[in-house]
Amino acid sequence: MENVEKQIEGLKAQIQAVDKKTTESKLSMIVFSGDLDKVLASFVIATGAVAMGMDVVMFFTFWGTPVLRKKGGKASGKDFMSKMFGAMLPEGTSAVKLSKMNMGGMGTAMMKSLMKKKNVASLEQMLEMAAELGVRIFICEMSMDLMGFKREEIIDYPDLTYCGVAKFLEEAQNSRIQLFI
Amino acid sequence: MENVEKQIEGLKAQIQAVDKKTTESKLSMIVFSGDLDKVLASFVIATGAVAMGMDVVMFFTFWGTPVLRKKGGKASGKDFMSKMFGAMLPEGTSAVKLSKMNMGGMGTAMMKSLMKKKNVASLEQMLEMAAELGVRIFICEMSMDLMGFKREEIIDYPDLTYCGVAKFLEEAQNSRIQLFI
Amino acid sequence: MENVEKQIEGLKAQIQAVDKKTTESKLSMIVFSGDLDKVLASFVIATGAVAMGMDVVMFFTFWGTPVLRKKGGKASGKDFMSKMFGAMLPEGTSAVKLSKMNMGGMGTAMMKSLMKKKNVASLEQMLEMAAELGVRIFICEMSMDLMGFKREEIIDYPDLTYCGVAKFLEEAQNSRIQLFI
Numbered sequence: 036m037e038n039v040e041k042q043i044e045g046l047k048a049q050i051q052a053v054d055k056k057t058t059e060s061k062l063s064m065i066v067f068s069g070d071l072d073k074v075l076a077s078f079v080i081a082t083g084a085v086a087m088g089m090d091v092v093m094f095f096t097f098w099g100t101p102v103l104r105k106k107g108g109k110a111s112g113k114d115f116m117s118k119m120f121g122a123m124l125p126e127g128t129s130a131v132k133l134s135k136m137n138m139g140g141m142g143t144a145m146m147k148s149l150m151k152k153k154n155v156a157s158l159e160q161m162l163e164m165a166a167e168l169g170v171r172i173f174i175c176e177m178s179m180d181l182m183g184f185k186r187e188e189i190i191d192y193p194d195l196t197y198c199g200v201a202k203f204l205e206e207a208q209n210s211r212i213q214l215f216i
Numbered sequence: 036m037e038n039v040e041k042q043i044e045g046l047k048a049q050i051q052a053v054d055k056k057t058t059e060s061k062l063s064m065i066v067f068s069g070d071l072d073k074v075l076a077s078f079v080i081a082t083g084a085v086a087m088g089m090d091v092v093m094f095f096t097f098w099g100t101p102v103l104r105k106k107g108g109k110a111s112g113k114d115f116m117s118k119m120f121g122a123m124l125p126e127g128t129s130a131v132k133l134s135k136m137n138m139g140g141m142g143t144a145m146m147k148s149l150m151k152k153k154n155v156a157s158l159e160q161m162l163e164m165a166a167e168l169g170v171r172i173f174i175c176e177m178s179m180d181l182m183g184f185k186r187e188e189i190i191d192y193p194d195l196t197y198c199g200v201a202k203f204l205e206e207a208q209n210s211r212i213q214l215f216i
Numbered sequence: 036m037e038n039v040e041k042q043i044e045g046l047k048a049q050i051q052a053v054d055k056k057t058t059e060s061k062l063s064m065i066v067f068s069g070d071l072d073k074v075l076a077s078f079v080i081a082t083g084a085v086a087m088g089m090d091v092v093m094f095f096t097f098w099g100t101p102v103l104r105k106k107g108g109k110a111s112g113k114d115f116m117s118k119m120f121g122a123m124l125p126e127g128t129s130a131v132k133l134s135k136m137n138m139g140g141m142g143t144a145m146m147k148s149l150m151k152k153k154n155v156a157s158l159e160q161m162l163e164m165a166a167e168l169g170v171r172i173f174i175c176e177m178s179m180d181l182m183g184f185k186r187e188e189i190i191d192y193p194d195l196t197y198c199g200v201a202k203f204l205e206e207a208q209n210s211r212i213q214l215f216i
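Residue numbers (the numbering used here), protein chains in the order written: chain A, 36 to 216; chain B, 36 to 216; chain C, 36 to 216.
Hints may be right or wrong, so weigh each one.
Each pair may be met inside one copy or between any two copies, as identical chains are not told apart.
[What the hints assert, rightly or not] The list that follows gives simulated cross-link-like pairs (lysine-lysine, DSBU-like), each with its CA atoms no further than 30 angstroms apart:
1) Lys-106 / Lys-153
2) Lys-105 / Lys-147
3) Lys-147 / Lys-118
4) Lys-152 / Lys-105
5) Lys-147 / Lys-113
6) Lys-109 / Lys-55
To be clear, the hints were calculated from the coordinates, so they are not data collected in a lab.
When you get a sec, could you build the whole thing from the sequences and use the hints?
Rendered as structure tokens:
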């Protein structure tokens with residue numbers, strides 16, 4: 036009889052373990068885009084999810100990578116291609132543009148002034164909020180390498196990891212929500 | 036002995052509850068894009084999923100918002116910026132354009148005529164089908180506010196809710212499939 | 036007593052079955068985009084996931100469809116529209132362009148030479164790798180029909196299926212990760 040009780044206890048623990056997996060409240064996002072509107076959307080989702088108690092991971096890759104550069108950040112020892120990419124891609128959150136209706140920068144400026152007026156946080160403020168709330172940021176090493184970015188050019192962020200796609204997939208596999216943005 | 040039987044019954048119920056969670060057949064989509072091709076894809080997925088017995092939620096945000104405007108819908112009391120956005124963004128499903136090969140509208144017109152010829156439902160028909168099948172539509176309040184859209188400008192749809200990102204995430208958390216389009 | 040033991044065994048099996056569902060390691064991707072950068076990202080994710088032991092399904096639709104055309108592939112009996120689409124859309128992996136900074140092809144050429152230099156596999160190599168690793172490819176029949184592509188124009192790939200959205204959703208429903216690219 037005692038044996039049966041023990042087995043039942045064991046089963047209960049197993050059920051709880053499985054249940055935890057189904058409710059594990061993690062969100063993983065791939066931020067592939069470097070457009071103001073999409074990056075903004077990714078931070079609205081990220082900060083909203085953390086506020087709801089979810090664990091959030093953002094994986095910045097390709098066009099998303101330059102968004103995390105410091106303004107005026109410099110790095111030595113760059114080859115010609117890296118310098119060209121460095122010059123052509125937006126330098127951090129403040130240089131990011133709308134995907135549509137940019138109109139030579141006018142549309143982007145309009146959107147930013149509108150956001151201010153309507154009390155929508157700017158990308159800079161969103162990033163700060165994300166840092167405070169504990170959103171984890173991953174940066175794709177392959178993208179850094181391809182675009183010739185050096186780590187000293189990237190912003191200071193409390194929870195920032197350089198990694199490959201495998202590390203992201205590991206997180207995504209245990210997430211309830213995954214998005215490619 | 037009776038006690039053990041009861042406990043086993045309890046475990047069975049728990050396992051069923053966990054199992055239900057893993058199979059809950061819900062699909063949540065963020066429709067961020069306002070391009071004809073992408074919005075079309077989102078409705079093909081949405082109606083396909085409902086037809087398979089899934090519960091479907093579409094969350095329209097940013098460029099996706101104007102797609103749900105009424106044609107010729109008017110609203111009073113708009114400021115200058117809102118009027119400008121109103122004029123520049125597509126007015127409903129019939130004004131939406133291809134993301135590529137639009138070619139001054141020719142590509143979009145070609146695609147629409149092709150769809151008709153090949154018996155692919157138009158965006159207007161898709162929306163009607165979605166309404167009939169019970170696809171739930173959420174509209175992002177922040178986008179409405181940013182773009183200066185008023186509720187009287189939005190189409191009549193049976194199951195339409197204005198909400199924030201938190202409400203969407205709640206749905207997404209309990210969904211088997213989540214997509215950002 | 037024997038009865039109880041049997042019931043406990045039954046419960047264990049049920050728990051394992053539910054657990055398997057929560058950990059079923061499948062990834063489903065919709066490759067909607069036909070841009071070099073995005074298609075590349077989708078293959079990096081796909082091959083990375085298979086290498087981790089996941090089962091991977093890629094569903095090519097809309098602009099993603101022409102990426103899978105053979106170079107110089109011909110098909111007879113095409114109408115005017117199909118011929119036009121055929122001529123305007125990229126003919127396979129080698130003709131695919133960057134979504135940004137294409138600059139009349141220069142940006143795309145630069146990116147390709149960079150990838151070679153940095154030992155990042157090209158799209159052609161990725162496709163080969165995907166085939167070897169057992170990534171399953173689905174092609175959207177509606178897109179094939181809309182764009183007027185014939186099956187003889189599509190590349191030879193070991194595990195290739197023509198299907199509709201329902202078949203994809205079936206796979207997605209049993210996947211841990213789903214992405215729309």
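Hint check results:
1. For a Cα distance limit of 30 angstroms, the shortest separation of Lys-106 from Lys-153 qualifies both inside one copy, at 26 angstroms, and across copies, at 26 angstroms.
2. In this homomeric assembly, Lys-105 and Lys-147 come within 30 angstroms of each other (Cα to Cα) both inside a single copy, at 20 angstroms, and across copies, at 27 angstroms.
3. Taking the shortest alpha-carbon separations for Lys-147 and Lys-118, both the intra-copy value of 28 angstroms and the inter-copy value of 17 angstroms come in at or below 30 angstroms.
4. In this homomeric assembly, Lys-152 and Lys-105 come within 30 angstroms of each other (Cα to Cα) both inside a single copy, at 26 angstroms, and across copies, at 26 angstroms.
5. When the C-alpha separation of Lys-147 and Lys-113 is checked against a cutoff of 30 angstroms, the pair qualifies only between copies, where the shortest distance is 19 angstroms, while the shortest distance within a copy is 33 angstroms.
6. In this homomeric assembly, Lys-109 and Lys-55 never come within 30 angstroms of each other (Cα to Cα): the closest approach is 45 angstroms inside a single copy and 49 angstroms across copies.
The structure shown violates just one earlier hint, number 6.
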